[in-house]
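Engineer: Respectively, the protein sequence lines represent chains A and B. Under my numbering, the first residue of the first sequence carries the number 1, and numbering increases by one thereafter. Under my numbering, the first residue of the second sequence carries the number 1, and numbering increases by one thereafter.
Just to be clear, a hint being listed does not mean it is correct.
[Stated by the list, open to error] Below, in silico cross-link-like pairs of lysine-lysine (DSSO-like), each with a Cα-Cα straight-line distance of 30 angstroms or less:
#1 B:93 - A:218
#2 B:93 - B:236
#3 A:10 - A:218
#4 B:236 - B:219
#5 B:236 - B:122
#6 B:236 - A:218
Please keep in mind that the hints were generated in silico from the structure rather than gathered at the bench. Owing to the predicted nature of the structure, the values given are computational and were not obtained by experimental measurement.
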Amino acid sequence: MFNAWVQIFKRDLLIAFRRRSEIIHPIIFFVMVISLFPLAIGDDKVLLQKIAPAIIWVTALLATMLSLDNLFRTDFEDGSLEQMTMLKTPLSLLVTAKIAAHWFITGLPLILITPLLAVLLYMPSESISMLLLTLLLGTPTLSIIGAVGIALTVGLRQGGVILSLLILPLYIPVLIFATLALQNVEQGFSAEAQLAMMLAILVLAITLSPFAIAAALKVSLN
Amino acid sequence: MNIFASITRLYHQFASPPYFYRISGLWLPYIMGLCALLFAYGLYSGLILAPIDYEQGEAYRIIFVHVPAAWMSMFVYMVMAATGAIALVWRLKLAEIVMISCAPIGASFTFLALATGSIWGKPMWNTWWVWDARLTSELLLLFLYLGVMALYNAIEDRRTAARAVAILALVGVVNIPIIHYSVEWWNTLHQGPTVTKFDKPSIHLSMLIPLLVMAVAFKLFFIGSLFMRVRTELLKREQNSKWVSALLESK
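Take these sequences, add in the hints, and give me the full structure.
Structural biologist: This is the structure in structure tokens:
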């Protein structure tokens, strides 16, 4: 059972490393959009420092959403997804392998590049470590919730716009707790409560969403 | 055992399109008639008989529309999710139609709650909009409804679309409390609940009664408009079936 999980996880990583654009494009998007803000606002150090967490988090949200298209699209089109539904291993388990691989390909590089962007936006160093922690707890949740949306829209031609309508409202709790945690740290308070909530949301997403994703994929394959 | 069997039979009978069409047609005039009566009484006693609020003056009277609309916006989502679960498990065509007919009605109630809240906010808070917890979660509820409608319209096959929407509605139901409480933590300016306090409602009886009458009227209006939508959708989907052509011939 877990053999199939590992196989799919490895396969997805391998495909991504063979086609590196899949890894690089969301990062380029992330860097470009963030660098648009100083250009639009002007080199106002105080203002940029104040809104930097918000900019980075909203952009991370959008970058994750855009990268989701790769998650099931090719497997859906070449029929491997249909094959997966016929395996003995439940589809709800297999999709977690795909999501984990997807997070390694898109979520992790995003976190790695963030310190650089945070410095560009004049964030103080203690906030940067908290920012990385919130991203580490938040981006897996974004990938999992996004997988529900993409599983519902993978068979559609104009899926992109609808995807954003479906999942952006569901992303809001993650966004709120992450930015609240950063505000707390900035004002010298503890952010433990927010981090605990983010972890709770992540655990809830991991336990419940695979069933919704599997059901949605079966509907889309119909 | 006998009772159980007859309940199951009643349930299946009610879920059959021709039976539902006939029964809902019989009920509809009574539902809408009662709804109109309650609306008339509720609006009259709310807008004219109820006393002026000592703090908010005449402007508070918008609660007789605002509060029932806000209640209904949540209630309709729950109905949508419950019928969605039924549609997923038992594949009942009627449940699918009821679920999808809920979406535009719920979205309208949500929009009404937002619009009246905004109109109320102008004299009370001196601004059309504040990023307050309840307003924001109501706005997000509207987004959820719009997502449901967009997904349903994007998928061509009606039955596939209904099943996709059912999954989305259930995911939304799990998320609504999380969204609600996260937004609540984030910011709160809206006045606390005044009716559902456990000890004693902090609203005077002369205002509470019209409010409750209006709430019942809204609920009846929802049931009535839901019936109308479901009946139209049933006719559209079953246009090639025997009972529809029999219905047409008898007219």
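Engineer: It remains to establish, for every hint, whether it holds in the given structure.
Structural biologist: Status of each hint after checking the structure:
no., hint, verdict
1, B:93 - A:218, "holds (19 angstroms)"
2, B:93 - B:236, "holds (13 angstroms)"
3, A:10 - A:218, "holds (23 angstroms)"
4, B:236 - B:219, "holds (26 angstroms)"
5, B:236 - B:122, "violated (44 angstroms)"
6, B:236 - A:218, "holds (27 angstroms)"
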